[in-house]
Amino acid sequence: MENLIALLIAAPLLGAAVLLCGGRRLDAVGHWIGTVLAAASFVVGVVLFADMLGKDPENRAMHQFLFSWIPVGGFQADVAFQLDQLSMTFVLLITGVGSLIHVYSIGYMEHDERRRRFFGYLNLFLAAMLLLVLADNYLLLYVGWEGVGLASYLLIGFWQHKPSAATAAKKAFLVNRVGDVGLSIAIMLMFTTFGTFAFGPVLEATGEATEGKLTAIALMLLLAACGKSAQVPLQSWLGDAMEGPTPVSALIHAATMVTAGVYLIVRSADIFNAAPDAQLVTTVVGAVTLMFGAIVGCAKDDIKKALAGSTMSQIGYMVLAAGLGPIGYVFAIMHLVTHGFFKAGLFLGAGSVMHGMNDEVDMRKYGGLRTYMPITFITFGLGYLAIIGFPGLSGFFSKDKIIEAAFAKGGTEGWILGGVALLGAAITAFYMTRVMLMTFFGEERWRNQPTASPAEPDVEPAAAHHGAAASDHAAAATGEPHPHESPKVMTIPMIVLAVGSVFAGGFFSIGDRFIHWLEPVTDHAHGNPPISAGAVTASTVAVMVIGVGLAWLQYGRRPVPVVAPRGSLLTRAARRDLYQDDFNHVVLVRGGEHLTRSLVYVDHTLVDGVVNGTAAGMGGLSGRLRRVQNGYARSYAVSMFGGAAILIAATLLMRAV
Amino acid sequence: MSFPLLTATAVLPALGAIATAAVPAARRTAAKWLALIVSLATLVLAAVVLVRFDPDGDRYQLTESHAWIKDFGVRYELGVDGIAVAMIALTALLIPFIILAGWHDADPLETGSKRWRPTQGFFALILLVEAMVIISFEATDVFLFYIFFEAMLIPMYFLIGGFGDRAHEHGEAAASTQRSYAAVKFLLYNLVGGLIMLAAVIGLYVVAGNFSLTQIAEARANGTLDMATSTERWLFLGFFFAFAVKAPLWPLHTWLPNAMQESTAPVAVLITAVVDKVGTFAMLRFCLQLFPEASTWATPAILVLALISIIYGALLAVGQRDIKRLVAYASISHFGFIVLGIFAMTSQGQSGATLYMVNHGISTAALMLVAGFLISRRGSRLIADYGGVQKVAPVLAGTFLIGGLATLSLPGLAPFVSEFLVLVGTFARYPVIGIIATVGIVLAALYTLVLYQRTMTGPVKAEVEGMPDLRVRELVVVAPLIVLLIFLGVYPKPVTDIVNPAVKQTLSDVQKKDPQPEVEASK
Amino acid sequence: MSASAVHSLWTTAAEPIDKIGAPDIEYGQLSPTLIVIGAAVLGVLVEAFVPRKTRYYAQVFLSVVALAAAFAAVIGLAAGGYATTKSGIVAMGAVAVDGPALFLQGTILLAGILGVFTFAERRLDPAAHGNRVDSFAAQAASVPGSDSEKAAVKAGFTTTEVFPLLLFAVGGMLIFPAANDLLTLFIALEVFSLPLYLLCAVARRKRLMSQEAAVKYFLLGAFASAFTLFGIALLYGYAGSVKYGTIARVVDGTVGEVSPALAGTMGNDALLLIGAAMVVMGLLFKVGAVPFHMWTPDVYQGAPTPVTGFMAAATKVAAFGALLRLLYVVLPGLRWDWRPVMWAVAIVTMLGGAIVAITQTDIKRLLAYSSIAHAGFILAGVIATTPDGVSSVLFYLGAYSFVTIGAFAVVTLVRDAGGEATHLSKWAGLGRRSPLVAAVFAVFLLAFAGIPLTSGFAGKFAVFKAAAEGGAGAIVVVGVISSAIAAFFYIRVIVLMFFSEPRPEGPTVAVPSPLTMTAIGVGVAVTLVLGVAPQYFLDLASQAGVFVR
Amino acid sequence: MNPVNYLYLAALLFTIGATGVLIRRNAIVVFMCVELMLNACNLALVAFSRMHGNLDGQIIAFFTMVVAAAEVVVGLAIIVSLFRSRHSASVDDASLMKL
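Chains as they are written, first to last, in this note's numbering: chain A, 33 to 689; chain B, 0 to 522; chain C, 464 to 1012; chain D, 110 to 208.
Misleading hints may appear alongside valid ones.
[Unchecked claim] Listed below are the simulated DSBU-like cross-link pairs for lysine-lysine, each with C-alpha atoms no more than 35 Å apart in a straight line:
| id | chain 1 | residue 1 | chain 2 | residue 2 |
| --- | --- | --- | --- | --- |
| 1 | C | K669 | C | K549 |
| 2 | D | K207 | C | K549 |
| 3 | C | K549 | C | K889 |
| 4 | C | K482 | C | K549 |
| 5 | C | K516 | D | K207 |
| 6 | C | K617 | C | K549 |
| 7 | A | K520 | B | K390 |
| 8 | C | K669 | D | K207 |
| 9 | B | K69 | C | K549 |
[As the list claims (entries may be wrong)] If you only want the chain A side, here are some residues facing chain B, beta carbon under 7 Å, derived:
| id | residue |
| --- | --- |
| 10 | I102 |
| 11 | T225 |
| 12 | I524 |
| 13 | D640 |
Keep in mind that the hints were calculated from the coordinates and are not lab data.
No residue lacks a Cβ here, since even glycine has one placed at the ideal position from N, Cα and C.
When you get a sec, could you build the whole thing from the sequences and use the hints?
Right, dumping it as structure tokens:
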């Protein structure tokens, strides 16, 4: 059985290789190859899952050793896989949602001449992501970690001809690199502390290391997680990442890759457990991010960016939960899975809407679409209900548990974190309702209104344009759109995901299935909040209702202006991602440019100048000395005479001394 | 005595060079093919060396030893350890690609006399350099090494000064002046380094009485030859200076950007991927073995210099407008890593450094050669002159991207392995330096991606329109390199297995052990 | 004749004596010198009696044969063990026949032969009035541009006297390093100097410069030799003898019976030191060491290039030979006095030559300054005062002389309307026009620069090694630095030849006769052989490294 | 009289000759000054010869004269030819080659 693990990765990897090296002759079938291989991987995953269920919970973990990768002295890195319940959860999520999105993309990318390459990249991503979750040591995980980064770089910048896309891709990669520094330093610390960096040995040996070391390692891991999962302060790339085709946003920047950070933390549970300070930091990061994302999400008019903000915020929840330790790990993962379903669904819905609206992304140019694209409306709606935590749907269970756990942390932190989480829930309800209303309800603002016109300053202008090359009915991009439902190949995945977002949560929670499933890996502790669980749940629902209500007051009752009003200070700040990018730009980019420019100058004038100066000096000296050679025999004689005199004097002197 | 394999490996390209140079002016293509075939034959010989070498055998194998200049205490002594084998393999491997990539770089366009044969000269010189590089990897006699370490400069000098990019943004006249400036700069820098080393070499002879690396190292080890501390340090500095110029280490690096910028891409690869490696290799083989104490003494200073090279090189790469200069500064940064690894004095560091030499050779070759193809199409080295190439020449863009990703040492590609080893090796002994060096990987990503973005993405520039994609010859050059990059990234074991024993030896020369993990240490 | 003999003869002059003891001369061991001098005399006769048409051929033939024969004789002597076991002092103590002497004589003779070849070259300039012309004036006596000269050219005169002059010079040079008393030293000095003065003056083109060179060389040379002679006088005064052996013994204080006069002067070290310094100065003048070097650039530039080549090579060899013998045989007891001084001289010579050369614009002057720098390097070997020092210097001289002759021979080939195009700017792009010549010259330049695999490197390494072993590490460092500086201008020339665009009105490269080709070819061959496999010659040099006392 | 005085005289003459070489322009005169220096040497030699009571010095003196004569021949030849081609015997005029 173990030997199947490699197959999980091999299938999409093969796909990537074939599609990227295959050349034009594969254009016709490329997307099918990609989809089939993704699905194959999913099937293998299911088989392994079934096999795993057959074993008793304590020893369900499987290992597969392929070969010794980097053996140097004490440094022994292997290419070996570990498939335990945690990895399994991810495998199913990745391959499952991945396959669906492959299917969806067939329709979505139909008109793009580079579709083959798109599927190649998608497969590459799947392979990398699977490697990330299957690796049995941190270094191999690192490979997957950067692999998904590469894939996301390629996919964000898929429409490379758009400068904005290329920039966004670069930005994503660079910000992630910052996180990677954290990961690599963490690995080095592990190596110097434990002499290894394989999960098993490290996590067993945590007891023997000093808390200081462990805290350092944990914080470095957290830094990595921040980079990958777009947590404050490394969140800035996620918004721009929406430059990528929508399926990419759904798969990579909602369902899977961005949750890798959470995986990393949960995977390193023992280290974090032994480093309370690091845990506190983690919770804080999570809390801050979930507010940050939520606030940003409220202000964006670009539907994808709004969803991106929500993604950020939801991952904030997960990180928060992961930071809570044993009482939170399980729920972090659980929310991760449910979120995978409904957020992917939402994104696909958004994609479907854009598909029908000439790739218009500005919600202010939507409105009243529910009649035109019913399936999209329903699936999107279900996703919406799920994310706001409508009782009975996935989001409700997972999020509620996290809020509960946050309170259960106890002490003032507990209250603060719990409060933040609650508030976040309210805001979530608010901005999601906003999206819902602006898109599917209200009057049809797209009527006699050429779409894809230069959008407002606060909307990424390129975003409005990306349709231009995304599909070849770009020509129609001017002139009134004709909203229509998307083809089956796109709607079916949406339906499936909708189903998932409805029932997944409930299914997991019945009899704490999910807890029992993960317990052996992450060991679960039941946290009991200061106030009864029931109260928490009740308040959750309450705030949710309030959020929805507020949103309805603002966007449901009153008509939505086509041109965004100036808005409050906060709104404007939120539109500009709370000025975080501006900060980066001024401090890092400008500063960096100045630094490099001055260094170039230094290199040229100082370092090089010294050398050239020496040469020039020699020349000058030479020029001066050769004047002595003035051509007059008598002066030559003088020098000889003087020389003789000196010679004699010196000789006598030598004898004297 | 057995067949002198090592000599053959070095002599073959030398003979090939003579033969190539002798090809009559009209038969240009014949000369090219001859050179290519010779280089491939050399590759075969190198492969034989690789096979015949037994990693677990003696330290130096396939040794040859003949009297040469008895009055100078010089013997013709050859022998390879794992490190040398790796380097020889790298050299022999890259030359065919270099030749193939430079296939048209030396077709004469100016009218000289009919005896003026640039093409023959170009390929003959490349082979000559190969011969000299290989023998200096093989030499276990300090003097023998020195001779070729120096002699190497002359053919390189002509390659740099004599053959530049076809089109040049400032016109041919400016080009030739800049070229000769670069060539002279290259030569003088290295010559000064070499001459200072000469003083040290003579000093070594006065102290040791012979030049045999093995004998001296042995004598050092068993204490029969003890140098005064000050003497040893001076000699060490003499040697190290020369190698630091060659490597090149900050602040002795400024010749490299000029040289790489002005020479054609294949020659630039020859400089940075092959010739410069002799410098770092020599640090590993000569500095550490001959002057262990002095090496330890100088380590802190050298580490700092290496660190500066890493950051400084990367930052300057970000600031460059010229593709080749950018790659040059990137190389400076990478050489910083190599030196860091060597003087971290840990097995990871030194194995990593050796691996790094190999991988950097391949990755730079990939990146630089593709860049060369790009430049040859547009006739400009300025980044600003490009844009949207991926639209018109996707394969070129793709290979360029892979080369770039290798340069930023993306996991899964060869350079990652070596870079991480170096970092770990450094971190294990000098955590702070290790951490600062790690920042370098962000900068690497920065300059690579900026380069890619500016040249390959965005709207298609008018001049770029209709730019042909990679031709078959060019694909033949790039594809194997990329395959190698991936293979060595996934499965570097073959190389590490060869290198590790040698590194262990070197470490024992300097009486250094890997630091223990704290957990064990605490027990 | 020995001092005591003279003494008795002088005191008992009263009664007549029937027979005078004839001096016993070892003709065999002197044969090289005798052959050459004899040939020179013959050459004069040839000038006198052989008809003009055939003179040239007769002279060339005679000179080559004579030099070859002399060389054969040297080889014979060396083979006969006169270089090692049987080495001794001949001609009643006037001349020493030992390793260094023979080695240097051999070198000088080879240089002489190559010199003759370059002298005899007549293909470079277009024939005037159907007569082939060489580098020398048709009639040195006639004023340039005057009718008499035109007539001479028309008549196809050529200055074939140069060959006997060269032979005389070689003759003197052969004795110079072998001279074993100060008188012989002085005479030999003059014997090889005077012909050189004349040879400098007889250039066919640019005669004014040629004559100017001759005058400068002559006056300064005479000036220097006056110093030498005064030094000799003082040494004689100190030791009461001019024989090296005797002086050395007096210096060491190991002399046998001490006459009262000798006792008086012996105590007076001033005589010894001043005398030694002045004699050494005369020799330093000949080797062109700073600050006695200033004649070199002008003379090298002005003299006919073949002469320059021959002079640069052979004079240095002879002079350094003499210097070595003086310092190692006569003044070893004074080592601690002269070594520091020579250190200083060596250092300023190396640096001075190298630095000033950087800004030279005339190839011949450039080579002149480079020769000064090389003199410095060789001095580094001289200072070592070890057997290694001697052999290294011998080796260096051997290597250097061939490179020099070759280089100047190449210079004769690059010509334009005005004769040789010696201005560097005219050498631009030579590598494009005639790659072969440029490549050959590049080889010589690299040898000068001391790049490995050329004889220059082997020589430099030898002397530096000797110096370092002799405890002169500082010299080595300075030497290394100045080689770095020197490299700069050698490289400049190479850049010029290969990397700069050829000028449209640039010079042409004349295709020389086999004579010059041989000279150049031998130069290149020796340069490379000594670079790659110097062992044999190093052995030779180290066997020859012992002076006889 | 003390033989040392002869030496002082010789030294004096030598210096005078040298000074002449350094300050006089006319090539002939310069050359004559050289001759003067040579003769100073001769004087020294003879004086020493007398002091030591052997004849070597005197013999050398004879040689010196011969050499001087030879030098005269060569020197005059050169100087005269120079004079004829540039109508001046000044050593300072002969300074085409410099630097």
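Checklist line | 35 Å Cα cutoff - pair K516 (chain C), K207 (chain D) | finding: 39 Å, violated
Notebook entry, point to check: Is K549 (chain C) close enough to K889 (chain C), meaning Cα to Cα at most 35 Å?
Noted result: The given pair, whose Cα atoms are some 53 Å apart, is violated under the 35 Å limit.
Margin query: Quick check on the hint: I524 (chain A) CB to chain B CB, less than 7 Å?
Written below: Hint on I524 (chain A): violated, closest Cβ of chain B at ~32 Å, above 7 Å.
Note to self: Just to be careful: measuring from the Cβ of I102 (chain A) to every Cβ in chain B, is the smallest value less than 7 Å?
What the structure shows: 6 Å, holds
Check: Can the restraint linking K617 (chain C) and K549 (chain C) be considered satisfied, given a maximum Cα separation of 35 Å?
Finding: The hint is violated at about 55 Å.
Margin query: What's the verdict on K669 (chain C) and K207 (chain D), does the C-alpha distance respect the 35 Å limit or exceed it?
Written below: 15 Å, holds
Check: Are the Cα atoms of K669 (chain C) and K549 (chain C) separated by 35 Å or less?
Finding: Roughly 50 Å separates the two Cα atoms, so the pair is violated.
Checklist line | Pair hint K69 (chain B) and K549 (chain C), alpha-carbon separation not exceeding 35 Å | finding: Roughly 26 Å between the alpha carbons, so the hint for K69 (chain B) and K549 (chain C) holds.
Notebook entry, point to check: Given T225 (chain A) as an interface hint, is the shortest Cβ-Cβ distance to chain B below 7 Å?
Noted result: Constraint on T225 (chain A) satisfied, holds at 5 Å.
Note to self: D640 (chain A) was flagged as interface toward chain B. Is the shortest Cβ-Cβ separation under 7 Å?
What the structure shows: 4 Å, holds
Check: Are K482 (chain C) and K549 (chain C) close enough, with their CA atoms no more than 35 Å apart?
Finding: 32 Å, holds
Item checked: Holds or violated: K520 (chain A) to K390 (chain B), with C-alpha atoms at most 35 Å apart -> Distance ~31 Å between K520 (chain A) and K390 (chain B) Cα, so the pair holds.
Of the hints listed earlier, those the structure fails to meet are numbers 1, 2, 3, 5, 6 and 12, in rising order.
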